[in-house]
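Q: Read top to bottom, the protein sequences are chains A and B.
Quick note on numbering: my numbering labels position 427 of the first sequence as 427, and the sequence is numbered without any gaps.
Quick note on numbering: my numbering labels position 132 of the second sequence as 132, and the sequence is numbered without any gaps.
Possibly wrong hints are sitting among the right ones.
Said to hold, decoys possible - No farther apart than 25 Å at their CA atoms in a straight line, the calculated lysine-lysine pairs in the DSS-like style are these:
(1) 359/A <-> 296/A
(2) 82/A <-> 324/A
(3) 200/B <-> 429/A
(4) 66/A <-> 308/A
(5) 420/A <-> 64/B
(6) 54/A <-> 73/A
(7) 195/B <-> 182/B
(8) 64/B <-> 417/A
(9) 229/A <-> 296/A
Claimed, not checked - Okay, the calculated bits of chain A under chain B, using three or more residues with CB under 8 Å as the criterion:
(10) 262 to 275
(11) 318 to 329
(12) 396 to 405
Keep in mind that the hints were calculated from the coordinates and are not lab data.
Quantities reported herein were computed from a predicted structural model and do not represent experimental measurements.
Glycine is no exception: its CB is placed at the ideal position from the N, C-alpha and C atoms.
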Amino acid sequence: MEFKKALCCAAAGVLAVAAVSGCGSDNKKQAPAQSGQKVTIEYWHVASDSFGGKMVRELVKDFNEKHPNIEVKEKFNPDMYKGLTQNLQAAIASNQTPDVVQMGWDFLYYADANFKHDDINKIFEKAGKKDFVKETYADNIAKLAQTADGVQVGVPYSLSVPVLYYNPELFQKAGLDASKPPKTWDEVHAYAKKIKAATGKPAFFMQEYADTWTNQACVESNGGTMLVKKDGKWQAGFDTPEGHYAYQMLADMVKDGSALHATNEEGFQAYTSGNLAMVCTTIGKRANFEKSSKFKVSMTSFPAFGNKEVKVPAGGNFLMILSKDEAKQKAAAEFIAYLESAESLYKWDTGTGYLPPRKGMDTYGPYKKLMDENANVKNAMATLPHVVPWVSFPGNNGLQCEQVLIDARDVIMGGTKSAKDALHEAAQKINSLLQG
Amino acid sequence: MNRLTRAGSLYFLPASLVFLLFYYWPLVMNGVVSFFSWNMISPRMRFVGFANYQAILQSSEFQKVIVNTVLYIVFLLVFDFLLPYFFSFVLSHVLHHGQMTYRVLLFLPSLLSLAVTSIIFLWIYNPIAGPMSEILGWFHIESPRWFKTPYYVLLAISTIVGWKFFGYNLIYLLAAMVSVPKEMIEAAELENASKWTILKDIIVPQTSSAAMYVFVLTIVFALQYVMVPINMLTQGGPDQHSANLSYVIYQYAFVFFQAGRSAAFAVLTIILFALFLLWRGKVAEKGVYYEN
Numbered sequence: 001m002e003f004k005k006a007l008c009c010a011a012a013g014v015l016a017v018a019a020v021s022g023c024g025s026d027n028k029k030q031a032p033a034q035s036g037q038k039v040t041i042e043y044w045h046v047a048s049d050s051f052g053g054k055m056v057r058e059l060v061k062d063f064n065e066k067h068p069n070i071e072v073k074e075k076f077n078p079d080m081y082k083g084l085t086q087n088l089q090a091a092i093a094s095n096q097t098p099d100v101v102q103m104g105w106d107f108l109y110y111a112d113a114n115f116k117h118d119d120i121n122k123i124f125e126k127a128g129k130k131d132f133v134k135e136t137y138a139d140n141i142a143k144l145a146q147t148a149d150g151v152q153v154g155v156p157y158s159l160s161v162p163v164l165y166y167n168p169e170l171f172q173k174a175g176l177d178a179s180k181p182p183k184t185w186d187e188v189h190a191y192a193k194k195i196k197a198a199t200g201k202p203a204f205f206m207q208e209y210a211d212t213w214t215n216q217a218c219v220e221s222n223g224g225t226m227l228v229k230k231d232g233k234w235q236a237g238f239d240t241p242e243g244h245y246a247y248q249m250l251a252d253m254v255k256d257g258s259a260l261h262a263t264n265e266e267g268f269q270a271y272t273s274g275n276l277a278m279v280c281t282t283i284g285k286r287a288n289f290e291k292s293s294k295f296k297v298s299m300t301s302f303p304a305f306g307n308k309e310v311k312v313p314a315g316g317n318f319l320m321i322l323s324k325d326e327a328k329q330k331a332a333a334e335f336i337a338y339l340e341s342a343e344s345l346y347k348w349d350t351g352t353g354y355l356p357p358r359k360g361m362d363t364y365g366p367y368k369k370l371m372d373e374n375a376n377v378k379n380a381m382a383t384l385p386h387v388v389p390w391v392s393f394p395g396n397n398g399l400q401c402e403q404v405l406i407d408a409r410d411v412i413m414g415g416t417k418s419a420k421d422a423l424h425e426a427a428q429k430i431n432s433l434l435q436g
Numbered sequence: 001m002n003r004l005t006r007a008g009s010l011y012f013l014p015a016s017l018v019f020l021l022f023y024y025w026p027l028v029m030n031g032v033v034s035f036f037s038w039n040m041i042s043p044r045m046r047f048v049g050f051a052n053y054q055a056i057l058q059s060s061e062f063q064k065v066i067v068n069t070v071l072y073i074v075f076l077l078v079f080d081f082l083l084p085y086f087f088s089f090v091l092s093h094v095l096h097h098g099q100m101t102y103r104v105l106l107f108l109p110s111l112l113s114l115a116v117t118s119i120i121f122l123w124i125y126n127p128i129a130g131p132m133s134e135i136l137g138w139f140h141i142e143s144p145r146w147f148k149t150p151y152y153v154l155l156a157i158s159t160i161v162g163w164k165f166f167g168y169n170l171i172y173l174l175a176a177m178v179s180v181p182k183e184m185i186e187a188a189e190l191e192n193a194s195k196w197t198i199l200k201d202i203i204v205p206q207t208s209s210a211a212m213y214v215f216v217l218t219i220v221f222a223l224q225y226v227m228v229p230i231n232m233l234t235q236g237g238p239d240q241h242s243a244n245l246s247y248v249i250y251q252y253a254f255v256f257f258q259a260g261r262s263a264a265f266a267v268l269t270i271i272l273f274a275l276f277l278l279w280r281g282k283v284a285e286k287g288v289y290y291e292n
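Okay, chain B solo, but in the shape it has when bound (with noise of 0.2 Å):
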């Protein structure tokens, strides 16, 4: 029934021949393109072997965009995931009014574009003239220069696309929350099962599988949502402490104009990335439940 036909396989061609075209052909020039000294217009490709990994690895610069990588993946983990899943639960399961205004509430920022969400966070954060600092200002406290301080740069960035996806994915979240079957809940509170151990043992292992794809999703897209605000707001800055890995990818390739750097910048996310996918097969699959 499901074998591949000599007819069947032709239908598969023009779409796997655009896939190869655009997918895979420009990943194969990406890997050969690192191995050059180039700018992408010049005549002269000067091939350099491995010495463009061997910099790039030697580098405290690339210590530095790694765990500022891995920071964005733990603040956004907490935004976007543990956050929206804990609304979501009492939204749909501790909620019994008003759950409607909150959903709508809670999704607004989403419809912002991440332009703007920058720019109105840049005014929030303003260490002399915004509302942060004068909310601190009551308690005496003098505002940090979030832009400029190590770390704190992270946090603030991470919060404008914290915001942003926030509602998005409480929505994913809150549709897998609804649909976790009543009659088991109803069971359970029969047997007079706290609302801790509704979550613990139904709710957590019943929602797991839009919980998993929610999880890799915001791991994904916190390399390349971030970029929008570190290019507007610090590009990179300070010292580079708010460059993750895409963004020097972008820097390497269209500031500095070095291809070949930037493009093995580009095989280094991307192993590193095959990892984390092979991981989440191989280990974190085995607690997900599907329903089919």
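In isolation and in its complexed conformation, chain A is listed as follows (with noise of 0.2 Å):
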């Protein structure tokens, strides 16, 4: 009897045990939808709540309204494109896969590799949107989503660009015009030195994010470049004296104490505290700073070198179309119309500072009226023809690529190493990382 009584617990036990562990794998059959039917989309995005969540959920809601037959349900993935890919790579294994989703530039060639993707032209095409991709965006905002072998991977959405923003107190303590923000990296570097003599405080900060965005920039605005092929071989391509001198600049400026070697919210405190003079950071921090500043923040756009032209990557991300069903695809793209469309970008873009990838807007509709008035939206527009893709690198390997970067920076700012040395370090590394 006791023996009895035993077995059953037991068996009860094991039949819990594999009801828990059943869980796992019940998927969620993607049945595909019949025309007449209201179709159910996912939408992935990476808005939180203060930076623009808000109205990714008015646009949702908006386009629900305005398509009965559609239901697009948006979900909020923390941090970042990081987070959001971390996510996608679990939903992906689970057979889950979002429908649209809002992909980091510098996720470029792996979401390529690694989630697959129908051809997005041809997504719009069956949607009845032939040409979308050419008669949306300028060449070579289109050519973001892009990769080297022309694959339109996804649709340019939101773009922000590296600006300098400044603190006109701090300039006025040192005797400089306010007016006259600094337009060349020598300037700013004799800005940051006469400020430095006036407060006793570095007067100059470039964001340090866990990526390479800024420093890109500036590679590229001194006419080198990131990443070359050769022999049909990815390599590194900024073990340049151009690449070299992009990093070093900086780093004697931190060495001479006119700039300021620190994590990313230290730089970002100094900056809004009214510490630090200079910071160069994304357009999109712009209202963020404008808020938690006791000062009038101002902007210019980033600093050339000398007479070269100004080059600097997207920032932002990009849509994807993941799902595989046709009426989904289909949903999908009237839903990446729709939020593509010059109104929805206006709302998105006032909402976010984010830049509208959307050929035109600067010269018609609400847009334009803003730029008009906000001079600080009309300097970051300016910069627009000069954007180039942030730097992707291929490979099974190439998110590590990002990190030998940004390590390389560490190297370099903390001055135990000059930037041709640990340029040709790191270079060295991700040609075997992109060999790998």
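Using the hints, put the two standalone chains together into the complex.
A: In structure tokens form, the structure reads like this:
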């Protein structure tokens, strides 16, 4: 009797375990949607409540109201594109792939190679929007979301560019004209030295996020390049005098005390608390800086190297369609066309501070009005023709390559090695990672 | 009496199944993955043998990470083991008034989350605008760039974790301190024993089991707790000078999406800590006094 009871208990226990473990493999079947039926698609984004989240919900709600046969469900992913990609990996592994996702530019190659997607031009064609990409974006903007082989991985959505913020009060303290911010890096250095002499504090900070976005802007604006194709193979392109100078210049500023080498948040705190005069970071920080500073946050475009052309990589994101089912693909194309309309983009970009990727936005409509009213926005829009793709390293080790550059930046800015030596080592490491 | 009967082993079954499924199965899978080059979703799982291990053991990164891990442990043993031990001794056997107030005050930081603590310290250590730089300024010392200077960054992160877990360990050690039999100490005092002698010959041996527990926990958790400030403040930087074993495991798996390399790091970590626990059981446990 005792034994039987025990057996029953044990069996119940085993069943419970099986039930628990069974949950994981209980896949959501992607049932093909019939025409005429309501199609539900999932939209993944990285917009937190303080950074456009409200606007995403507003746009989705408006879209759903205007399209009774489509229902978009939005899902926020914390920790930006890294976080979204982590979640996406898990979702794809468990066969719950979302339909439309925001993807960071530096994940372009990784996403292309690992997240199965149909040709987006064909998807638009099937949805009755032939040549959508060609008609909507300027060539250099459409190219941002293309691989070197010309695969259109997605469509550009949010654009940001690096700019130079400054504190006019500190400029005045050092006897500098606050209406004439520095235009070149030599001027930035000269200004920083003067301010340091007047206030005793470092006067310049370049963002040190876990990416090398602004460093790429320096290298490319100095006539260098991040990645080159030699004999059909990708190689590091920054181990050149132009690349070395672009990094060494910053290290020299840190060395003579006129610039700060610190974590990103520390640099931003120093700026917003009125202790640091100049910060080079994304246009996307504008609203946040204005809210948390007591002085008038002023802004100018990314400085040049002498009279060389400024080239800044695009930050922000592009939209990818991941659905396989044709009805869902059509709905996704419809949704993207809505998001990329002049009206929606105006809402999105005033809500976030991003720049619109759509051509013609600077010549008509409400966005043109915004540009006329706000010099900061106009300044930023003027850099759009100079936008180049943010480097995305190809191959299985692609994402590690960026880390190598982040480490090299720390070594150079910390002053333990010259830019020449550190970048040479980084180039060798990246070249071997690109082979692997 | 204590023999396992057939019925008994059946009672045992559900729990052990759960344990095997959620504890050892992932461990086995982790070992398997470490022999592959794989990103967790690709259908192409390329078998690479010991290549992941070879690459790790030959890299300068591995040495750096091991040194960092050991230094974190050393710093945290000071902040979360030696200091609370000393404080709990003072609170229970030296101080005669205000113990309760101190206890509350010292325990308070433990109530904050590590993320909040990290943000607070980021501000304290700010080299230009933070209070620490102000204080150093009084002595005409320029604040170091705490989170961007090798080794300083380890100390800075250790203080964050140390501050947070100090109070918790203090309470635990305090409980052991006050349960040392009063008669023993009174007898020693009658013999004119100094406080030092009392600490060395009575309190240390009497509290050795609790101390051992806190010691082992500090070492094991030192590996994990630093994850939060590292991920929030430095992402392993500068130049991997703040990365420890658990952070590189995370970094390879979820930043670089190289599951195989990450799994190999995890296996090496398991081996290192298994060796430590073995040492603890074989050598360190010898000097510990358990009441029962």
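Q: All hints, please: hold or fail.
A: Going down the list of hints, with the structure as the test:
no., hint, result
1, 359/A <-> 296/A, "violated, 31 Å"
2, 82/A <-> 324/A, "holds, 24 Å"
3, 200/B <-> 429/A, "violated, 54 Å"
4, 66/A <-> 308/A, "violated, 48 Å"
5, 420/A <-> 64/B, "holds, 23 Å"
6, 54/A <-> 73/A, "holds, 14 Å"
7, 195/B <-> 182/B, "holds, 14 Å"
8, 64/B <-> 417/A, "holds, 17 Å"
9, 229/A <-> 296/A, "violated, 45 Å"
10, 262 to 275, "holds (count 8)"
11, 318 to 329, "violated (count 0)"
12, 396 to 405, "holds (count 5)"
The structure does not agree with the numbered hints 1, 3, 4, 9, 11 stated previously, though it agrees with the rest.
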